[in-house]
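Got chain L; can you put chain F on it based on the hints?
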Amino acid sequence: GNSVTQMEGPVTLSEEAFLTINCTYTATGYPSLFWYVQYPGEGLQLLLKATKADDKGSNKGFEATYRKETTSFHLEKGSVQVSDSAVYFCALSDRSDYKLSFGAGTTVTVRA
Amino acid sequence: KAGVTQTPRYLIKTRGQQVTLSCSPISGHRSVSWYQQTPGQGLQFLFEYFSETQRNKGNFPGRFSGRQFSNSRSEMNVSTLELGDSALYLCASSFGQMNTEAFFGQGTRLTVV
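Taken in order, these protein sequences are the chains called L and F.
With my numbering applied, the first sequence corresponds to residues 1 to 112, in that order.
With my numbering applied, the second sequence corresponds to residues 1001 to 1113, in that order.
Next comes chain L alone, as it looks inside the complex (with noise of 0.2 Å):
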């Protein structure tokens, strides 16, 4: 079946720090990728997603590439802030099983 697998926290930061959090995946036929981030308190909300191989998805200075060779979509910021504390989710969904299924998430925590 569809498995996600990502770097587990905590990660903890400075602000403008560079942020990677690692995702792989497995997946028998041609998934779409998300990451979505959840706020403390709340529900998960969709920060970006990649429907097909070489595609790059992007929004809030965050971007993540969907590498099909290397079964990876790679979560990455250039300069966090303060606000960019949250959970973050990897997940993937295909057309044959109408669910998302998620890794563990990743906790960021950003100091100033």
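For the record, the hints were derived by calculation from the structure and aren't laboratory data.
Wrong hints could be hidden among the right ones.
[To be verified] Partial chain L-side listing against chain F, Cβ under 8 Å, derived:
#, residue
1, Glu15
2, Lys99
3, Phe102
[What the hints assert, rightly or not] Simulated DEER-style distance windows between Cβ atoms:
#, chain 1, residue 1, chain 2, residue 2, range
4, L, Glu69, F, Thr1020, 38 to 48 Å
5, L, Asp55, F, Gly1096, 15 to 25 Å
6, F, Ser1070, L, Glu69, 43 to 53 Å
7, L, Ser14, F, Gly1096, 37 to 47 Å
[Unchecked claim] Listed next, the stretches of chain F that the computed footprint assigns to chain L, with coverage defined by at least 3 CB atoms under 8 Å from CB atoms of chain L:
#, region
8, 1014 to 1023
9, 1055 to 1069
10, 1105 to 1112
Computed from a predicted structure; not experimentally measured.
Quick reminder that beta carbons are idealized off the backbone N, C-alpha and C, glycines included.
Below, chain F alone, put in the same frame as chain L:
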């Protein structure tokens, strides 16, 4: 455009009781799915409905059930509550397939005592 609305936001129940959670999807969205979030297990898929039909179900006991109404609103029910059912229950809606964009509600925090 209103987002996904889940009610209630917080719930405290006693072991052995049953509970019903509600989810109103974004207008026009016909797919509704449910997830359980716990610190130990992370986000686990419960079930997905599209036009009142369950298309997929996760690996949960039969105490967990759901349904979808003709207006796409969905409910999930948990019977004979156990302490381990304490979790954040999240509902997500999408226009069609889940490999398109899914929008989540704020969740219902269920505590079983």
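Results for each hint:
1. Glu15: 27 Å, violated
2. Lys99: 5 Å, holds
3. Phe102: Since the shortest Cβ distance to chain F is 4 Å, the answer is holds.
4. L:Glu69 x F:Thr1020: 38 to 48 Å: Hint holds: Cβ distance 47 Å, inside 38 to 48 Å.
5. L:Asp55 x F:Gly1096: 15 to 25 Å: Because 19 Å falls inside the window, the suggested range holds.
6. F:Ser1070 x L:Glu69: 43 to 53 Å: Holds - the Cβ-Cβ distance for F:Ser1070 and L:Glu69, about 45 Å, lies within 43 to 53 Å.
7. L:Ser14 x F:Gly1096: 37 to 47 Å: Holds, at about 42 Å.
8. 1014 to 1023: violated (count 0)
9. 1055 to 1069: Check passed, 3 qualifying residues.
10. 1105 to 1112: Answer holds; 3 residues pass the 8 Å Cβ test.
Checked against the numbered hints above, the structure violates hints 1, 8; every other hint is satisfied.
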